[in-house]
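S.K.: Based on these hints, arrange chain A on the given structure of chain L.
As you go down the protein sequences, you meet chains L and A in turn.
Throughout, the working numbering is defined as the position within the first sequence, counted from one, plus 96.
Throughout, the working numbering is defined as the position within the second sequence, counted from one, plus 301.
Worth double-checking, as some hints may not be accurate.
Stated by the list, open to error - Covered by chain A, per the in silico footprint, the following chain L stretches (three or more residues, Cβ under 8 Å):
no.: 1; segment: 118-124
no.: 2; segment: 143-152
no.: 3; segment: 192-198
Worth flagging that the hints you see were computed from the coordinates, not collected in a lab.
Please read all numbers here as calculations on a predicted model, not as lab measurements.
Here a beta-carbon is modelled for each residue, glycine too, at the ideal position from N, C-alpha and C.
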Amino acid sequence: AQTVTQSQPEMSVQEAETVTLSCTYDTSENNYYLFWYKQPPSRQMILVIRQEAYKQQNATENRFSVNFQKAAKSFSLKISDSQLGDTAMYFCAFMPYNQGGKLIFGQGTELSVKP
Amino acid sequence: DTAVSQTPKYLVTQMGNDKSIKCEQNLGHDTMYWYKQDSKKFLKIMFSYNNKELIINETVPNRFSPKSPDKAHLNLHINSLELGDSAVYFCASSQDSGALGNTIYFGEGSWLTVV
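Only chain L is shown next, with the shape it has when bound in the complex:
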C-alpha cells in the first residue's frame, strides 16, 4: 500500500528564519507526483508546490523549495524567510500515476511562525 509519513506533528520557527518540514513516502511505482498543501486556520487547502517524480530538478516557488530524493523516497519542504502568514498545517501528498487523481496525504505538520 502507498503511504505518506510526516514525522513532525508540530514545529515552530522564528519569523524570518528557515524551517524544513519532512515527508517520506512508500511506493513501488516509478511514475508519480508529489505535492505540499497548506491549510491555514481558515481550513482552505492551498497548493504550495508540486514535483514530478521523473524530474530530478527540485521544484521552487518563491520562498518555498523542496528537496526531492527519489531513491530515499523523501520529499521535504523548505520555507525560507518565514512569515507570520505561513502559520498553518502543512500536508505532504502523493499522487500515483493514472489512478484517477487520487491524493494520498500524510498526517500533517502544524507549523507556528513566531514574531
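M.R.: Chain A in isolation, oriented as in the chain L frame:
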C-alpha cells in the same frame, strides 16, 4: 468568483437524518472529488468523478451517495447520519483524472457535525 464552491459551509444535524452537500466548480475541469478530513485532520479521498462517471469509490459506506448531474457539479448525499460522520468534507476538482498529475483545487470545506 470562488473556483470550487460548496454549500453549506456549516451543518449541524441529528443522528439518523439525511443531508446533502452541494459542490460546483467554474474552472472547466473534467474531474471532481470528495475528500473527508476527520477530527485528527487526516484527509482521505472518498470519491472521484470524471465527466460524470465514477472513477474512484474508496470503500465508503453506501450511506454516502455522490451524484454528478454534469461535470461542473458533484453533490454528496448522506443517509442515516451517524456520529462518526462528523468531519469536514472537501470538494475538489482537477483538469484531468490524474494521468498528468494536474493540481487538485479544493473548496473551502463543509463542516458537518452530527449530534
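S.K.: Need the list of violated hint numbers for this structure, in ascending order.
M.R.: 1
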